[in-house]
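Enquirer: The chain contents come next:
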Amino acid sequence: MSTGQAIFAGWMEIPTSAAHERDRTQAEEETLAALVSQYSGTLYRVAFSVLRNTADAEDAVQEAFLRVLRHRDTLHELRDQRVWLIRIVWNIVLDRKRRMKTRPETDDVAELARVLPAGGLSAEQIASAAQHHAHVLACADRLPSKERQVLMLSAFEELSSVEIASILGTTESSVRSRLFRARNLMAELLNHARSLR
Amino acid sequence: MNHPPQDAFANDSGNVAGDVETTLRLIATLPAPEGLEDRVNASLRTAQRSAPRTGRILAWPTTSWLGRDWMRSAAAATIVLVVAGGGWGIYTHVQPARGIAAPPRVAAPAGFSSAGAMRTPQTLNGPVVKHPVTAKPQPVKSPAKKPLHRVKPAAANKAAAQPVAPAAK
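Line order of the protein sequences matches chains D and Y. Everything in the first sequence is counted per our numbering, starting at 1 for the first residue and increasing by one. Everything in the second sequence is counted per our numbering, starting at 1001 for the first residue and increasing by one.
No wet-lab data here; the hints were simulated from the structure. Warning: the hint list may mix true and false statements.
Selected chain D positions facing chain Y (Cβ under 8 angstroms, derived; list incomplete) [said to hold, decoys possible]:
no.	residue
1	Leu32
2	Ala34
3	Gly41
4	Thr54
5	Trp84
6	Val136
7	Leu151
Don't be surprised by glycine CBs; every beta carbon is placed ideally from N, CA and C.
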């Protein structure tokens, strides 16, 4: 192919053949499958930490990957695919949480008792642990939204403060100060709840 | 260097904070349900089939190497020729005016001046009367002389009742 033809071909963006298109589609499918295999578990945990329902969390993960499918042309331009994916699923779960009504604490207890690892505990111990965790999560729900979001994301060990800042669209120092406030508020809330009992 | 943020404030609060950390970490380490990847992949495949990629340029219809390369160059050359020819045609047929033709200055009727304006709008001339009619000057009515101050009737009667003073001798 001459230089002029090459320039025209690049300028007009005409695919050279159907085989090239097939190869490209196959490569994109493989990239997507690799992303699903690598990050679906992380995305599920992030979704579950907010929604606290297995079916809702799984729906959120599927919706996140469907959004990825729409932007598959720009996948190779991403610097950090993991943070980008977590940001997508985070926005999805926050949107769903905003739309759904507040879940009663009893629902959380039942769901937690179902998903918590047994680890040789009796049914009563599992129920008691689920009740305790549900109570802590209910206190976390009473935090201001910014502090609550940072507190939730900080529990994921694989996320650094820089990555949390990137997901939330803020600075690292802001993440640290919000986390400090969140822990103090949580301590106050839990102490107040214990004094009432 | 990135540290997990939870390290920065470790041991800041007491057992309460430990409870919170335990609960949140437990939630954050829950295993994903079995078959999640398969279900996500299946939904992606379904979405790909139902909504194919849009906005792609169609492939060139010819399949032989000769037709593909030759016709592609010819099509590009044709596009260039059509655009250039159209531009040349417009350039040759549409000539700009040599100069701006300013309308002749018309003296403003009724003696108004243009106040030194370089260009005055061309207005219609008014109708011209062939036989000017000399209008007769209307007689000016002299206004009736009225007393400046109206005399009160009582005072007027009094003045009438008084005898006329004898003329000075």
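Enquirer: For each hint, tell me whether it holds in the structure or not.
Expert: Hint check results:
A least Cβ separation of about 6 angstroms between leucine 32 (chain D) and chain Y falls short of the 8 angstroms threshold, and the interface hint therefore holds. Look at alanine 34 (chain D): its Cβ only gets to about 11 angstroms from chain Y, farther than 8 angstroms, so that hint breaks. Of the supplied interface hints, the one on glycine 41 (chain D) holds, with its beta-carbon coming within about 4 angstroms of a beta-carbon of chain Y, less than 8 angstroms. Nearest Cβ of chain Y to the Cβ of threonine 54 (chain D): about 6 angstroms, under the 8 angstroms cut. The hint holds.
With 8 angstroms as the threshold, the beta carbon of tryptophan 84 (chain D) stays out of range of chain Y, its nearest partner Cβ sitting at about 17 angstroms, so the hint is violated. Hint on valine 136 (chain D) holds. Least Cβ distance to chain Y is approximately 4 angstroms, under the 8 angstroms limit. This hint holds: leucine 151 (chain D) has a C-beta 7 angstroms from the nearest C-beta of chain Y, less than the 8 angstroms allowed.
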